[in-house]
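Model the full structure from these sequences, guided by the hints.
Residue numbers (my numbering), protein chains in the order written: chain A, 1 to 262; chain B, 263 to 524.
No wet-lab data here; the hints were simulated from the structure.
Among the hints, erroneous ones may be present.
[Claimed, not checked] Among the chain B residues that face chain A by a calculated CB cut under 7 Å, a handful are:
no. : residue
1   : Lys346
2   : Arg354
3   : Glu403
4   : Ile406
5   : Gly419
This structure is a prediction, so every number in the text was calculated from the model and none was measured.
The C-beta atom is built at its ideal place from N, Cα and C for all residues, glycine as well.
Protein chains: 2
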Amino acid sequence: MEIKKINVVKIGGNVIDDPEGLERFLKIFSEIEGPKILVHGGGKEATRLSAAMSIETKMIDGRRVTDRQTLDIVTMVYAGLINKRIVSLLQRLGCNALGMSGADGNLIPARRRSPSPIDYGHVGDIDPHKVNKDLLRVLLEGGITPVVCAICHDTEGNLLNCNADSVAAALAIAASSLGRTVLTYCFEKAGVLADIDDETSVIPLVTPSNFTRLKEEGVIAKGMIPKIANALDSAGKGVAEVRICKAEAAGSDAGTLIIAGE
Amino acid sequence: MEIKKINVVKIGGNVIDDPEGLERFLKIFSEIEGPKILVHGGGKEATRLSAAMSIETKMIDGRRVTDRQTLDIVTMVYAGLINKRIVSLLQRLGCNALGMSGADGNLIPARRRSPSPIDYGHVGDIDPHKVNKDLLRVLLEGGITPVVCAICHDTEGNLLNCNADSVAAALAIAASSLGRTVLTYCFEKAGVLADIDDETSVIPLVTPSNFTRLKEEGVIAKGMIPKIANALDSAGKGVAEVRICKAEAAGSDAGTLIIAGE
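Below, the structure written as C-alpha cells:
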C-alpha cells in the first residue's frame, strides 16, 4: 500500500492540562483523514505528582532535570496516565489509537545526553535516522494511529526522558520516507504572530529567507527563534510542511506554515 | 505466515517486585522461541505509590477497590512504570517487546463490573471472544512481542482495572485461533504441590477428572481451586496447554500441566 499523506501532530501541556480542550482537540484530531501520529508532552501532571510525593522538581533553562525518581514519575505520568487517557478517548471516537513510548517496538532509540556542561540526568537526544520506520509503516498501513509520549530508551535497558518537540520532529522526518508528511505543532497562539498581542497578526509563511529578515527586524524573537529553527530543520530533512497553530486548527491550513523552499 | 506455536506467559508481583528475579526471568523469557506474549500484574508498586500519596489502599477478597484516584495510580504504575521497565529490559535482550494496555489498538475491550453485590469501582471483566485477534496476528507475525498490563477499556473512553490472570487467559484463548497456544502462569512454587511444604511434590498433570478427585481428597484446596478451575476453563476454550510453574521454568516442561482432555 502506498501512503499518500501522513499527519504528525504534537500537543503540549496547554492542551493536556485542560480536560475539555483535550476532548475538543481529540475530536478534531480523530477526524483528520489518512495515516496520522499524535505526539504528546506531559503538562503539569508530572510536577503535581512530584509535589504529592514530596519530590522537588528541578528545571534548568525550562528543561526538567531527571534523576532516578523523576524518571519513574515522568514514565508513570507520560507513558501511563496521559498516554492511556488519550488512547481510550480516541478509541471512543473511532480512532484506532495505540499508545507507545520510544522504547516500545524500539520505535525511537535515543542517546543519554552528556553530563557536561549541565547534567540533566536520565535525559536523551534523538537521531531521526534511527527511528524504526518499518514499525511505523506496519502500524500506519494497518490503520493504527500511534500515540507517542517522549519517553525513549538507549537500547541498553535504560529509559530516557526526551523532548516531545524533538520526538515529533524525528517521527515526521522518518515518516517522510513513507509519504508526504505534515508536522503540526499545536500552540497556545494562533500561529507565529507579527504582534504578540494581536491574535489576528499571524505570519502565514516562514521560509529560510524571510526567517532571517524577520529575526533581523525583531519580529521573531526569544523563544520563537529555536522553535522556528527546529521547524526549518525538519523541513530541510524531508518534512513537506511544518505548521504552528492552535490545537483546534490541527489538520487545517490555519496558522503559520514553515517550509524549506524560498 | 502460519504461526505454529504461541507462548503466553503471565508473571505477578513475586517476580516484578524482585529486580534480580525479574531480570533473570526476562532473560529466560527472551530466549523462548517463536511468537510470544508477556502479561504482567502490578505487584506492590501501586500500593507503595498510594502510600506515598497518602491514598488508602482498600482490598476486598484480595481484589483492589479501584476508585478514580486508584485507577490513575494503577494506570501509572502498571501501564507506565512496570510496563516500560519490562519493555526496555527485553529490548536490551534482543526481544522486540511492545508494551500495551488493553485499550491500545482496542486489544482487550472489557465491561465494567456491576456495582452489586460489591462495588469494586473502575474494575472490568473480559470476554475472551472480544480480544482483537487481527491486531495480535499483525504483531506476532511482525516478530513483535506484546507486553500487556491489565488495564483495559470499555470502548467508551473509560479505563478499567482488570485481573491479570484473566487478561492472560483471554489473550491465550484468542491466540489459540492463530496457532497452538501454551499459557504459563508463573508462580512462587514449583507447580501445584501434593504437599504444600514439599517443593518436590509437584503434581505433574491435572485433568478435569483427576481435579475432581484431588479436590475430594483435599490435596488441592483453598486458593488453588479457582486457579486450576480457570486454567481448565482456558484449556476447554482452545488453549492447548496451561502450565503452572516457577518463573525460571517458563517455556520448559516443568511444573504442573493442566489440559482439558482425560
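Okay, the hints, checked on the actual structure:
{"no.": "1", "hint": "Lys346", "result": "holds, 5 Å"}
{"no.": "2", "hint": "Arg354", "result": "holds, 4 Å"}
{"no.": "3", "hint": "Glu403", "result": "violated, 10 Å"}
{"no.": "4", "hint": "Ile406", "result": "holds, 6 Å"}
{"no.": "5", "hint": "Gly419", "result": "holds, 4 Å"}
In this structure, only the earlier hint numbered 3 is contradicted, and the remaining ones agree with it.
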